[in-house]
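Asker: Protein chains in written order, with the working numbering: chain A, 74 to 152; chain B, 3 to 419.
Check before you lean on any hint, since a few could be wrong.
In the DSS-like style, the derived pairs of lysine-lysine whose C-alpha atoms are separated by at most 27 Å in a straight line are [to be verified]:
(1) B:K215 x A:K112
(2) B:K386 x A:K112
(3) A:K97 x B:K68
Worth flagging that the hints you see were computed from the coordinates, not collected in a lab.
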Amino acid sequence: MASIVIKVPEPEKGSFNHNRPAGKLLQSQTLHLREALIKHLKDIADVLAIDPKSLKTEGEVSTYIQRATAILHTQARKP
Amino acid sequence: MTVGLSNLKHLVVLMMENRSFDHMLGGLSLVMENGQKKYPGVNGLTGNEWNPDTNNSPVKVNPNAKFQSQLDPDPDHHFPGVDLQIFNGAPQGAGRERSMKGFVKDYFTQTNNVNKSHNIMSYFTPDKVPVLSTLATQFALFNGWFSSIPGPTICNRAFAHYGTSFGQVGMDIFDILAPIMSSYERMLAAGKTAKIYYYDQQSSTMEIVNLLKNQPQIFATYDQFISDCAANTLPQYSFIEPCYNDHEGPGGGEILASDQHPDHNVQEGEKFIASIYNAIHGNPAVWDSTALLVVYDEHGGIYDHVAPPDCTPDDYQAKATATNTGAPFNFDYLGVRVPAILISPYIAKGTIVPGTEAGAGARIFEHASIPATVTNFFLNGDAKRTKREAAASTFLDILGNEARQDNDLPFFTLGGH
Chain A
74 MASIVIKVPE PEKGSFNHNR PAGKLLQSQT LHLREALIKH LKDIADVLAI
124 DPKSLKTEGE VSTYIQRATA ILHTQARKP
Chain B
3 MTVGLSNLKH LVVLMMENRS FDHMLGGLSL VMENGQKKYP GVNGLTGNEW
53 NPDTNNSPVK VNPNAKFQSQ LDPDPDHHFP GVDLQIFNGA PQGAGRERSM
103 KGFVKDYFTQ TNNVNKSHNI MSYFTPDKVP VLSTLATQFA LFNGWFSSIP
153 GPTICNRAFA HYGTSFGQVG MDIFDILAPI MSSYERMLAA GKTAKIYYYD
203 QQSSTMEIVN LLKNQPQIFA TYDQFISDCA ANTLPQYSFI EPCYNDHEGP
253 GGGEILASDQ HPDHNVQEGE KFIASIYNAI HGNPAVWDST ALLVVYDEHG
303 GIYDHVAPPD CTPDDYQAKA TATNTGAPFN FDYLGVRVPA ILISPYIAKG
353 TIVPGTEAGA GARIFEHASI PATVTNFFLN GDAKRTKREA AASTFLDILG
403 NEARQDNDLP FFTLGGH
């Protein structure tokens, strides 16, 4: 048992305020996340733009499979 | 190599938000015991520090900091505002004095209220922030840890991950410029382990969202951090993000922001810091092999008395159009001082790492010190990095040979009143 025990107080009741206006930091965070989503969607769009019927070689097919799997695997992950 | 360093397997960094050193810990210097300063090595406040307000009346520091509702609106901490705080409106050009006299004037630009502008000079007495002040006095307190840029969150946090902000001095999305990689990517490329633990999905990660897309495997949540401590499965390097907003929990309960960014509740942040310490301390195997750094990203516009020192210039320049001060910025001086504490059983109680007050004996740290330390310790320095990061001080040499016994260590109980 540690000898120096510090009791950490709780915030006052009523401190919670999810109606507080979002500051610049949080607004910036949404912009950064949106930018990442746009890049993510572009990756998906780039893969969807490829017609699978146009892929002739195992090398072409494997590249397609890798890109599609990477996207789907990321989607399936829980952070 | 010391015993503490040879036992070290994990480095954990917890980065809080927007509070200056003097605001959170400057009051330690005013604690007296038997007629003497109890913590003489702390470069905190004398009680006589002051700033002029917009009526040119002197406003002294005061011990009336409140947990919430005092710094609303949010104090300015963007580049031009911090320039005013540091230089008090001195004209651009060589030899500007970093007087630290413009904080009250700058907060007036937010509040338009002279009395309210004085709140920027407030500080917490140690009893109000028992977690931070206990850790500061029980382990190693840095007198000279500064934010990397006299500016806001995003560019400062970039230094903690990349050792540079790639020329950014604001909140904009920045491009990662090869060959610089984040410390997490450096670790993965070398077969090492690293994670960023954000609080939950409603809070998420703050500024390196490109990694969320490109390296999702490095992300996990706070709950996972607690589990990883209990199971002794921490990665070698962990970076923890607090909760950045008030939101409802999965069961409908109230989850408060714990980042301490004004106007979020400081006590909730204290609880969060304590929970991280307790999780590490709670598993003896983890405790013995882990160093925890608690640090703040920047000062949030709140007063500190120590003038930021010069630093090795970064490889970039921010143009005058980006700084909005009428002058470019060469990344050649640091931002305002922030709290920073290194915690390990191998650190002697009351260790003070000297800052600018020590003159030639100063050890100056900034957020580029984080990737520099990770890279030096785990990767033997093997990574492409900026001149700034290569020159940054590292901090693990503070770990000594003697492990402190459990009855000599603090423990926090949460939920007390």
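Asker: With reference to the structure, classify each hint as holding or not holding.
Answerer: Status of each hint after checking the structure:
1. With a C-alpha separation of about 9 Å, the suggested pair B:K215 and A:K112 falls inside the 27 Å cut-off, and the hint holds.
2. Under the criterion of a C-alpha separation no larger than 27 Å, the hint pairing B:K386 with A:K112 is consistent with the structure, at around 26 Å.
3. The suggested pairing of A:K97 with B:K68 holds, with an alpha-carbon distance near 22 Å, which does not exceed 27 Å.
Checked against the numbered hints above, the structure breaks none of them.
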